[in-house]
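These protein sequences, in sequence, are chains A and B. For the first sequence, our numbering gives the first residue as 1, with consecutive numbering after it. For the second sequence, our numbering gives the first residue as 1, with consecutive numbering after it.
Derived from the structure by calculation, the hints contain no laboratory data. Predicted, not measured: the structure shown is a model, and the values here were computed from it. The beta carbon of each residue, even a glycine, is placed where N, CA and C say it ideally should be. Be aware that one or more of the hints could be misleading.
With a Cα cut of at most 35 Å, we get these calculated DSBU-like pairs of lysine-lysine [said to hold, decoys possible]:
1) A/LYS288 / A/LYS140
2) A/LYS169 / A/LYS48
3) A/LYS151 / A/LYS169
4) B/LYS15 / A/LYS348
5) A/LYS348 / A/LYS169
6) B/LYS108 / A/LYS348
To give an idea of the interface, some chain A residues facing chain B are shown, with a C-beta separation under 7 Å as derived from the structure [to be verified]:
7) LEU69
8) ASN218
9) HIS239
10) ASP241
11) GLN244
12) TRP249
13) GLY253
14) THR269
15) GLU299
16) ARG304
17) GLY305
18) GLU309
19) ALA327
20) ALA339
21) ALA344
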Amino acid sequence: MKRPTTFDVLQERGISRRDFLGFCALAATWMGLGPQGGAAIAHALETKPRIPVLWLHGLECTCCSESFLRSSHPQASDIVTSLVSLDYDDTIMAAAGDQAEAIVEEIIRDYRGSYILAVEGNIPLANDGMACIVGGRPFKHQFDDAARHAKAIIAWGTCASSGCVQAAKPNPTQATPVHKLIKNVPVINVPGCPPIAEVMTGVIAYILTYDRLPELDNQLRPKMFYSQRVHDKCYRRAHFDAGQFVERWDDEGARQGWCLYKMGCRGPTTYNACASMGWNDGVSFPIKSGHGCIGCSEEGFWDRGPFYERLPDMQQWGIESNADKVALAGAAALGAAIAVQSAATVVKRVVTGKAYDKDSDDSPTS
Amino acid sequence: MANGFVPYHRMPEHKLVPSVRVYGPGVRLWHWANATMVIVLCITGYFIGVPPPSILGDASSSYVMGWIRFLHLAAGYLFALLSVYRLWLVFTERGIAHHLYLPAIWRKAWSDGFFRQIRWNLLLDGPVRYVGLNPLANVAMFFMFLLPGLAVIITGFAMYAEVVGHDSWQYFWFGWVTHIFGNTLDLHIIHRLAMWVMVWFMMAHIYIAVREDILSRQTVISTMLSGERQFRD
């Protein structure tokens, strides 16, 4: 049986070749592939059999799916849902119940070692995984079965990449990101809460086009989308360098669109493509809307509040303490010790006539 | 006085002893250049975390944060280079240059001297004269200057690697640090805390240097200028 290519499926759906090439060109631009990139993608989608994608939902909020479905190009939603043969996605598929669950088993059986597993959300391990039940059994079981025979695993969103809010301290359900449970299958982390839609489709298009995984950084993120900080590409960067900051939400700086650094913007420590690609067809991104970046694509961002302070709280030193407050307390204690010792020395000298008793000293015998 | 460079060698009491040359020109030069860099780094570093009030006017007409960051990065490079120079001096300059790196806490002289020094600081006993660093000062330098100094250099270059990108030599050598922490906001916090520890060290260091110079019958401050430690009775 010849497996249909992506283009075959698109034609069945009535998508014109013009729209198809338009998508390919756009995807090539997002990925920075150069002038020949669009043709390479088109060629791959026309000739290579469609790779089935199993899209599993663990402990998550479905914001990744919501983002994915809003991929910007007008025809992209059609193309994208056809591009990935979304054979199983319990949120958007028509099938339900036992029939739906049977699809997972079929794919694992028929496409062993050649399907892509996309995981949205993470895997709670506490209490035998009872915090997340899918199809009547713990999600961990479904995940293990599907992950074992996958060609590669895409960890959608910060949940699957590093835990996100459900892994916030003390992490009662022991929510665990995908890459910590997988040994023998390559994992791609696509963090963000949610990731940018075009980043998601771009990652899939890259895998289909080149039949390999994109180059990853040391946190398993695709370098093409996550190698620069939001701060590096921020259109308000000039105000940062000039020293012009929003000091309060209602001040002149806020109206002028100055840098949100003092309002706790996490742009300088957040690796994401928001500042260059934007959201919702490039319309805007948080900073452009006047709110600082909260660093949603970074590991542990949920435990590094408050989002409106530059220095995060250090809970190990008590509630609402930060590095500067701890330092100030230390300096005050040290200053007090210095003052007390100086005063005591002076008092002793005034009272006894000398600061120390030279004669009582224990002289070395050597 | 060859054995005078053994750590924590105490000078005899009630005796006029000749002065000892403890610091070579390299260590003295390093001390003051390093002190200058630390002050520049602390001030500019403080303002990078908590920037000064906003500058009014057009963004193209001012470059305040740009200059603060430039000063910080330039001084940071010099601080790192000076550290390498200081390490080199251990092997090339006679005297007590190596004491900073290795408090000899396994020696009996250290533990005896350490508690003796604490008693002196609690005004329970008189001061003691040492050729080199006293045992308390030595561990304070190790834990409040040397280790935080290492921490700011490593986290500093790791943060600089974020700025210059994944193809840089800074990323090649220090990129692993970002991998340990995941969220690089932690690097900023560690960097800042280490700075504050060094500020505490500065407070204690300057105070104790003045105090010992006055009370301990030996030169401390001028020793770092001339290299000679002179003793008074």
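*Going back to the hint list, which numbers does this structure go against?*
Hints 1, 2, 5, 7, 12, 17, 18, 20 contradicted; others consistent.
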